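Take a look at the letters that make up each chain.
Protein chains: 2
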Amino acid sequence: MTYELYYWPGIPGRGEFVRLALEEAGVGYLDIAKDAGGERATVRKLERMLNDASTPHPPFAVPVLKAGGQLISQTANILMFLGVRHELAPSDEAGRLWTHQLQLTLADWIDEIHDTHHPLGPTEYYQDHKAAARKRAGLFLKHRLPKYLGYFERVLKRNPAGDQFLVGDALSYPDLSLFQVIEGLRYAFPRAMARSEAKYTRVMALHGRVSQRPRIAAYLASERRIPFNEEGLFRHYPELDA
Amino acid sequence: MTYELYYWPGIPGRGEFVRLALEEAGVGYLDIAKDAGGERATVRKLERMLNDASTPHPPFAVPVLKAGGQLISQTANILMFLGVRHELAPSDEAGRLWTHQLQLTLADWIDEIHDTHHPLGPTEYYQDHKAAARKRAGLFLKHRLPKYLGYFERVLKRNPAGDQFLVGDALSYPDLSLFQVIEGLRYAFPRAMARSEAKYTRVMALHGRVSQRPRIAAYLASERRIPFNEEGLFRHYPELDA
Chain A
1 MTYELYYWPG IPGRGEFVRL ALEEAGVGYL DIAKDAGGER ATVRKLERML NDASTPHPPF
61 AVPVLKAGGQ LISQTANILM FLGVRHELAP SDEAGRLWTH QLQLTLADWI DEIHDTHHPL
121 GPTEYYQDHK AAARKRAGLF LKHRLPKYLG YFERVLKRNP AGDQFLVGDA LSYPDLSLFQ
181 VIEGLRYAFP RAMARSEAKY TRVMALHGRV SQRPRIAAYL ASERRIPFNE EGLFRHYPEL
241 DA
Chain B
1 MTYELYYWPG IPGRGEFVRL ALEEAGVGYL DIAKDAGGER ATVRKLERML NDASTPHPPF
61 AVPVLKAGGQ LISQTANILM FLGVRHELAP SDEAGRLWTH QLQLTLADWI DEIHDTHHPL
121 GPTEYYQDHK AAARKRAGLF LKHRLPKYLG YFERVLKRNP AGDQFLVGDA LSYPDLSLFQ
181 VIEGLRYAFP RAMARSEAKY TRVMALHGRV SQRPRIAAYL ASERRIPFNE EGLFRHYPEL
241 DA
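Residue numbers (the working numbering), protein chains in the order written: chain A, 1 to 242; chain B, 1 to 242.
Bound conformation, chain A alone:
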């Protein structure tokens, strides 16, 4: 069985958290966003899948992972599924819950990062959000960025198995997602991150270690990796990076 990943073309977005897990697991997958037919064909394919009236379990939004006959959506849910199958999470129940709890906290952080440029919600373009975005981004950088960075620093520090991984003594899917959040924050808020990073040495060291894992390093150097841009989750608007 080859997995199929359904996600918007042209942006890393939420699809990227799934891609990193698939790449680290070293499993084959068909990425609909890279469909040979081009962006329009991909969007049509996505819309057909999302609106398919024969699906008993319709997804609300992409990313969607097709695994055999099963359609799985919600990023954290897809990662939980892959975590069990590809040794990207502990096998005991308490360990799996803790891993998922960290991923859901990352999901909350990601939502807050998204809302720095879309404080009025997911409809409308950035242009219509500008005034509120400046306020929200300012509050985010002042209060929320240190809160989340400090939290993950603390999780690493307290890990009884050492500070190399978030969970136990092996890589799990939230390590990969935390790597991507740091990448995205460096892209979106280079000035704020330059000021902040020194305080969170364990988080930054984890980011570095993830980037050097052989499969991740190969992926990042490949054409499969989509660069950040101003259509995605992590956007660089200099006026928001105060």
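Note: identical chains are not told apart, hence a pair may lie in one copy or across any two.
Dumping the calculated DSS-like pairs for lysine-lysine here, alpha-carbon to alpha-carbon at most 30 Å:
| id | residue 1 | residue 2 |
| --- | --- | --- |
| 1 | K130 | K142 |
| 2 | K66 | K45 |
| 3 | K66 | K157 |
| 4 | K199 | K135 |
Simulated from the structure, these hints should not be mistaken for laboratory data.
Quick caveat, the model's predicted, so the values are computed rather than measured.
Let chain A serve as the given structure and place chain B on it in line with the hints.
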């Protein structure tokens, strides 16, 4: 083992989704928010738990469920844990993933509802959000409310086991959460809901059925149920209910 629920006193908030599952399961639990020592004592207890440096797995925020020696946080994660233990989710993996996917979609919806009164993020008071809140609430009622209601209506309609429950032919934890979201929306946006409800007959019928389940009906009539108010997730500000 008696569960302990840690959540802010005085508001239903995210803790209520956990309470509904515990009540429906008919299991005993100690609700820290109802602590005999009053609100101040509760807040101190919560802060002590959140800042306890000896916890190897610190929670980012409440609600937190203490189950024996295990601290579980993130609402959807707690519900997944309770779902397995108390027959509030299917026992097969595909069924459990589908159930959790629905809960995570409800979590996204809940975040968007919260942000109608807090578009600038979770810091600051409503007073400081007023102008942006009017814009965000307007867009929410126009675009997002029908999208989410229509989605859950479709899930019920497409359920191969019938439209009585979201998942299969038995109650699962997202049914309870959807009930609470409808309750909260009716409180926060009575005018918008009065206009909308007729289109989503299956969702509203599910809401009615959940409210009449013996344990839920007894809970709703009890003093344990905390009324909605303007400190919580679902707030009624007439100026946002256009």
